[in-house]
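Enquirer: Mind docking chain X on chain W? Use the hints.
Protein sequence lines correspond, in order, to chains W and X. Reminder that position 198 of the first sequence reads as 198 in our numbering, one-by-one numbering, no gaps. Reminder that position 287 of the second sequence reads as 287 in our numbering, one-by-one numbering, no gaps.
Hints listed in this document are in silico derivations from the structure and should not be mistaken for laboratory results. Every residue gets a Cβ at the ideal spot worked out from N, C-alpha and C, and that includes glycine. Treat the hints with caution; some may be incorrect.
Said to hold, decoys possible - Derived SDA-like pairs (lysine to any residue); straight-line CA-CA distance at most 25 Å:
no.: 1; chain 1: W; residue 1: Lys438; chain 2: X; residue 2: Gly221
no.: 2; chain 1: W; residue 1: Lys208; chain 2: X; residue 2: Leu84
no.: 3; chain 1: X; residue 1: Lys222; chain 2: W; residue 2: Glu452
no.: 4; chain 1: W; residue 1: Lys58; chain 2: X; residue 2: Lys260
no.: 5; chain 1: X; residue 1: Lys308; chain 2: W; residue 2: Glu63
no.: 6; chain 1: X; residue 1: Lys79; chain 2: W; residue 2: Tyr432
no.: 7; chain 1: W; residue 1: Lys99; chain 2: W; residue 2: Glu452
no.: 8; chain 1: X; residue 1: Lys138; chain 2: W; residue 2: Gln123
no.: 9; chain 1: X; residue 1: Lys79; chain 2: W; residue 2: Phe324
no.: 10; chain 1: W; residue 1: Lys58; chain 2: X; residue 2: His274
no.: 11; chain 1: X; residue 1: Lys361; chain 2: W; residue 2: Asp144
no.: 12; chain 1: W; residue 1: Lys385; chain 2: W; residue 2: Tyr432
no.: 13; chain 1: W; residue 1: Lys155; chain 2: X; residue 2: Thr133
no.: 14; chain 1: X; residue 1: Lys222; chain 2: W; residue 2: Pro75
no.: 15; chain 1: W; residue 1: Lys181; chain 2: X; residue 2: Thr234
no.: 16; chain 1: W; residue 1: Lys99; chain 2: X; residue 2: Lys79
no.: 17; chain 1: X; residue 1: Lys251; chain 2: X; residue 2: Ser302
no.: 18; chain 1: W; residue 1: Lys58; chain 2: X; residue 2: Thr246
no.: 19; chain 1: X; residue 1: Lys260; chain 2: W; residue 2: Gln123
no.: 20; chain 1: W; residue 1: Lys435; chain 2: X; residue 2: Lys191
no.: 21; chain 1: X; residue 1: Lys222; chain 2: W; residue 2: Trp65
no.: 22; chain 1: W; residue 1: Lys181; chain 2: X; residue 2: Asp80
no.: 23; chain 1: X; residue 1: Lys191; chain 2: W; residue 2: Val85
no.: 24; chain 1: W; residue 1: Lys76; chain 2: X; residue 2: Gly221
no.: 25; chain 1: X; residue 1: Lys138; chain 2: X; residue 2: Asp80
no.: 26; chain 1: X; residue 1: Lys138; chain 2: W; residue 2: Asp144
no.: 27; chain 1: X; residue 1: Lys260; chain 2: W; residue 2: Tyr432
Unchecked claim - Chain X residues, not near chain W, derived (Cβ > 10 Å throughout):
no.: 28; residue: Thr28
no.: 29; residue: Lys68
no.: 30; residue: Leu238
no.: 31; residue: Ala324
no.: 32; residue: Glu331
no.: 33; residue: Arg408
no.: 34; residue: Gln409
no.: 35; residue: Gly411
no.: 36; residue: Asn458
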Amino acid sequence: WESFLPSQVLVQPVQLICLYAPAYHLILEGILILWIIRLLFSKTYKLQERSDLTPKEKEELIEEWQPEPLVPPVPKDHPALNYNVVSGPPTHIITVNGKECINFASFNFLGLLDNEKVKSAAQASLKKYGVGTCGPRGFYGTFDVHLELEERLAKFMRTEEAIIYSYGFATIASAIPAYSKRGDIVFVDEAACFAIQKGLQASRSNIKLFKHNDMADLERLLKEQETEDQKNPRKARVTRRFIVVEGLYMNTGDVCPLPELIKLKYKYKVRIFLEESLSFGVLGEHGRGITEHFGINIDDIDLISANMENSLASIGGFCCGRSFIIDHQRLSGQGYCFSASLPPLLAAAAIEALNIMEDNPDIFQTLRAKCERIHELLQGISGLKVVGESFSPALHLQLEESCGSRENDVKLLKRVVDYCMNSGIALTQARYLEKEEKCLPPPSIRVVVTVEQTEQELDKAASLLKEAAQSVLN
Amino acid sequence: SLIQQAGCLCVYLFFKNGISNGTLYKKTFIEHFEQAPMYVAVLTFLGFGVGTIFGYLRDFMRAWGLEKRNVATEREQQKDFVPLYQDFENFYTRNLYMRIRDNWNRPICSVPGPQFDLMERVTDDYNWTFRFTGRTIKNVINMGSYNYLGFAETDVNALKTVTIELQKYGTGICSTRQEMGTLDKHVELEKLVAKFLGVEDAMVFGMGFATNSMNIPALVGKGCLILSDELNHTSLVLGARLSGATIRIFKHNNMQSLEKLLRDAIIYGQPRSHRAWRKIIILVEGIYSMEGSIVRLPEIVSLKKKYKAYLYLDEAHSIGAVGATGRGVVEYFGMSPDDVDVLMGTFTKSFGAAGGYIAGKKDLVDFLRTHSHSAVYATSMCPPVAEQIIRAMKCLMGQDGTTQGKVRQLGKNTRYFRRRLHEMGFIIYGNDDSPVVPLLLYMPGKIGAFARRMLEKNIGVVVVGFPATPITESRARFCVSAAHTREMLDTVSTADVLLKLTSDAKEVGRSCVSVTLNLNNSFLHLFF
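So that you can see chain W by itself, here it is in the shape it has in the complex (with noise of 0.2 Å):
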């Protein structure tokens, strides 16, 4: 037992090792100890330097520091200043600035704006529910109004679920970082419009642009995907892809190419997220959209988003897919989560349009003639080219060769529009955020068909903008 006593256990061997080591190997030893201790009682280095300011220096920069001003000053003349002012509802006859025009600004393609069931099923619901939901839907502001318009939605567009946001913006804004995320791919076109730009920033996903319906270029880029998938099979199998497309195009009035999108779908492994905005209610035999218009099974596309403000003419919008899909917005989607729902009139009033176009397919055949009509009425106007599809029913109209600035361009195009206004046609200029886009478009004038224009208003249009194209650009 007293062998064991720690100072045996320490003196003894140490006084061997003394005794047997040579001398350099204790010296050397001895030394590197007087290092170590040195090491550990000596000052921290770091890598960053930090300059030791003296507490007066650090109350000097302190006062010298001049931020900018928190907006930079807007010149009184600029275009977003001087906006129009609508007296009364944008319906078909519309008063702006204080002049009554024919309304080819406003995207009322099926003219419910001032439909009157649509207005008594929205009292109906103002009696009933009045008109804020006062909170979330998870939180008591789930009415049986959402309910139904969601299950209608759904049952309208032959899909299994669909899924409402209070906001036509955020719907595809809140819908895209659902699912994507860092570190997954996202082939978008070129020409997509704000909020699906906005829902790619926010989902920090890795963005390849591709030219605007060119499939060879896409195909190009799903090609070089491949490759670089093939360098690195672990990483490949986790990271997910997606196409984003727009059935109808707000920027140049054409369609996507559906059909060779599903091709290229399956080939390469990648899903689809079609943005219907502007077609939902305005393509296809029963305005179904593009699905119907291409005669596609709907279960092909992932995801459909559009907005219930142009054709449905209430406010917010809708996801549907199916319930693998689209049950993961209800806890992911930001815009759904974490903003009060729907009021119930907007619903109300939604599902009483759903109605009107479920009662009357007529009107989209009715719609797309006039689309027809106007597009060959605007063609051959000297300076000014039609763009997009003959049977979209958002045309633009841009100059055909622009004076050098964009900025002349627009106060050019102004001047058309004001000459338009002037004599009863309202007219709009396509805006954008000109810093902010990933590709500007060119500056156009906005031409909207609806159903309610008659062949005069159309013909009065057409003629209108042939005068003012000549007085104004030539």
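Expert: Leaving out everything else, chain X in the frame of chain W:
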């Protein structure tokens, strides 16, 4: 023991939020954030741990086909695509949230006033699917909707102007603000909002969430610094992220933390390049909806003036709800609206409508009219909703002849309710004047049990757990309304389920009962 309690309170207040500069406040600022005893935290973790173990067990059983899979699955044709969801990401949803899912998304079928009607919903397979029995549960006391001033009503006289405007304008706009979407109603509303808040100009937007996420990127960009409170709402966080500016977080309502960040930012500049920051903006909320705390506005304003930063105040919950005449936290602290650079708020809570606004100097609002993402790309607010806000604001301003009763009534109800709960010894968070009353439950089993038992007693409450709150601080959140009567508040605070199920820092005996009950519930539910 009262003195002991007060002492404890002061100590915890001191540690939680730093030393407060009392001289800037015109009245006493009392906030409670009592800590729970240690055994509560231990039992909470135990509860989550047991839940997780059972979750792994059930996943194992499902993977090996011993148990039916109730989740929707991928299409046959797309089975070889990269899986859309990682199994691990949804673990919490599948195994913990699914058990108590029936406490959220409860559908109602009446106006969300002080009482509402719930649609009865049952589940045959433990919350995987629901079915409606067709019956409604009538006159459930509503402690969950953000109806602070009671403007969610269906009274025909009150809604007369809204009905007229709905008939005149319809429900849609079909255009953006800068194109053909600015109606005379919007101009009228913006002037009224500016007058209500006492600022030069205001701009309204169609959605409250989108107001933040689309305007913060317009105000700040790369090279700017955002100092954001720890507990800011998702919309503020999203707006800050989309802007591309650098974000730094300071501890909730902690002025020392904020001052340190400000000093470091100005002295050391941008990371690595040490260039000066272009501008510094502080993002705070008026009332934080999960904590019930009110922002320390006088101190923040004095800091902002000293360090030349800008202040963005999100008054989603506080506009209309605090302040002598409902003008928000600026009036509550007796300050001038010029002290805050950007006043933002929503109309969903106190005004019973939808949408948001930003108000301030004319330069700011002109800039937003030209550069806000919402003005260029998103639809404007719909006219009947705008009319509802106009009539609510006129009522608050006393312009339609009715007296100022609502804000005073809300203040009375808030103080009464908080005092009652406090007297009974429950742990309540937040400021004495905030109508948001979070009551701490802590343990996961209690979340479901509390909400279900309260519904049996005809009271609808909101419960929140992880991830909306820290993992050990699950809570029930009551929203007091000016429309609640004293009887309703009494019913809620004396519901005996409250006495049995919530944790009580004072009496260990009561807590033991609650703990046992909680464990029983947890075990029962784990097997389903």
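Enquirer: Against this structure, judge whether each hint is valid.
Expert: Verification of the hints:
Proposed proximity of Lys438 of chain W and Gly221 of chain X is supported: the alpha carbons are some 16 Å apart, at most 25 Å. The hinted pair formed by Lys208 of chain W and Leu84 of chain X meets the criterion: a straight-line CA distance of about 19 Å does not exceed 25 Å. A hinted pair counts as satisfied when its Cα atoms are at most 25 Å apart, and Lys222 of chain X with Glu452 of chain W does not qualify at roughly 47 Å. Simply put, Lys58 of chain W and Lys260 of chain X have alpha-carbon atoms about 12 Å apart, close enough for the 25 Å limit, and the pair holds.
Between Lys308 of chain X and Glu63 of chain W, the direct Cα distance comes to roughly 9 Å. Compliance with the 25 Å bound is thereby established for this hinted pair. Of the supplied pair hints, the one linking Lys79 of chain X and Tyr432 of chain W is violated, its CA atoms being roughly 41 Å apart against a limit of 25 Å. Under the criterion of a C-alpha separation no larger than 25 Å, the hint pairing Lys99 of chain W with Glu452 of chain W is consistent with the structure, at around 20 Å. A hinted pair counts as satisfied when its Cα atoms are at most 25 Å apart, and Lys138 of chain X with Gln123 of chain W qualifies at roughly 23 Å.
This hinted pair checks out: Lys79 of chain X and Phe324 of chain W have alpha carbons roughly 13 Å apart, not beyond 25 Å. Proposed proximity of Lys58 of chain W and His274 of chain X is supported: the alpha carbons are some 14 Å apart, at most 25 Å. Annotation: proposed proximity of Lys361 of chain X to Asp144 of chain W is violated, straight-line Cα distance about 42 Å (limit 25 Å). Proposed proximity of Lys385 of chain W and Tyr432 of chain W is supported: the alpha carbons are some 19 Å apart, at most 25 Å.
Pair hint Lys155 of chain W plus Thr133 of chain X holds up; C-alpha atoms about 22 Å apart against a cutoff of 25 Å. Proximity of Lys222 of chain X to Pro75 of chain W is assessed by CA-CA distance (about 23 Å); at most 25 Å being required, the pair is judged to hold. In summary, the hint linking Lys181 of chain W to Thr234 of chain X is supported, as the alpha carbons are separated by about 17 Å, within the 25 Å threshold. Our distance criterion of 25 Å between C-alpha atoms is broken by Lys99 of chain W and Lys79 of chain X, whose separation comes to about 59 Å.
For the given pair, Lys251 of chain X sits about 18 Å from Ser302 of chain X by alpha-carbon distance, which is consistent with the 25 Å threshold. Proximity of Lys58 of chain W to Thr246 of chain X is assessed by CA-CA distance (about 22 Å); at most 25 Å being required, the pair is judged to hold. This hinted pair does not check out: Lys260 of chain X and Gln123 of chain W have alpha carbons roughly 55 Å apart, beyond 25 Å. Distance restraint check for Lys435 of chain W and Lys191 of chain X: the Cα-Cα separation of roughly 29 Å exceeds the 25 Å cut-off, and the hinted pair is therefore not satisfied.
At roughly 18 Å between alpha-carbon atoms, Lys222 of chain X and Trp65 of chain W fall within 25 Å of each other, so this suggested pair holds. Only pairs whose Cα atoms come within 25 Å are accepted, and Lys181 of chain W paired with Asp80 of chain X is accepted, the gap being roughly 20 Å. With a CA separation close to 14 Å, the supplied pair Lys191 of chain X and Val85 of chain W stays within the 25 Å bound. With a CA separation close to 23 Å, the supplied pair Lys76 of chain W and Gly221 of chain X stays within the 25 Å bound.
Our distance criterion of 25 Å between C-alpha atoms is broken by Lys138 of chain X and Asp80 of chain X, whose separation comes to about 49 Å. Between Lys138 of chain X and Asp144 of chain W the alpha-carbon distance is near 15 Å, which keeps this suggested pair within the 25 Å criterion. As the CA atoms of Lys260 of chain X and Tyr432 of chain W are separated by approximately 40 Å, the hinted pair breaks the 25 Å bound. Interface exclusion of Thr28 of chain X from chain W stands, the closest Cβ pair being 31 Å apart, more than 10 Å.
In this structure Lys68 of chain X is separated from chain W by more than 10 Å, as the shortest Cβ-Cβ distance comes to about 17 Å. Listed as a non-interface residue, Leu238 of chain X fails to keep its Cβ farther than 10 Å from every Cβ of chain W; the least gap is roughly 6 Å. The non-interface label for Ala324 of chain X is consistent with chain W: the shortest C-beta to C-beta separation is roughly 23 Å, beyond 10 Å. Every CB of chain W is more than 10 Å from the CB of Glu331 of chain X (nearest about 23 Å), matching its label as outside the interface.
With a minimum CB-CB distance of about 21 Å to chain W, Arg408 of chain X clears the 10 Å threshold, and the non-interface call stands. With 10 Å as the threshold on Cβ separation, the claim that Gln409 of chain X sits away from chain W holds: the shortest Cβ distance comes to roughly 17 Å. Every beta carbon of chain W lies more than 10 Å from that of Gly411 of chain X, the smallest distance being close to 19 Å; the non-interface claim holds. With a least CB separation of 14 Å from chain W, Asn458 of chain X remains clear of the 10 Å interface cut-off, as annotated.
Of the numbered hints given earlier, the model fails hints 3, 6, 11, 16, 19, 20, 25, 27, 30; all others are met.
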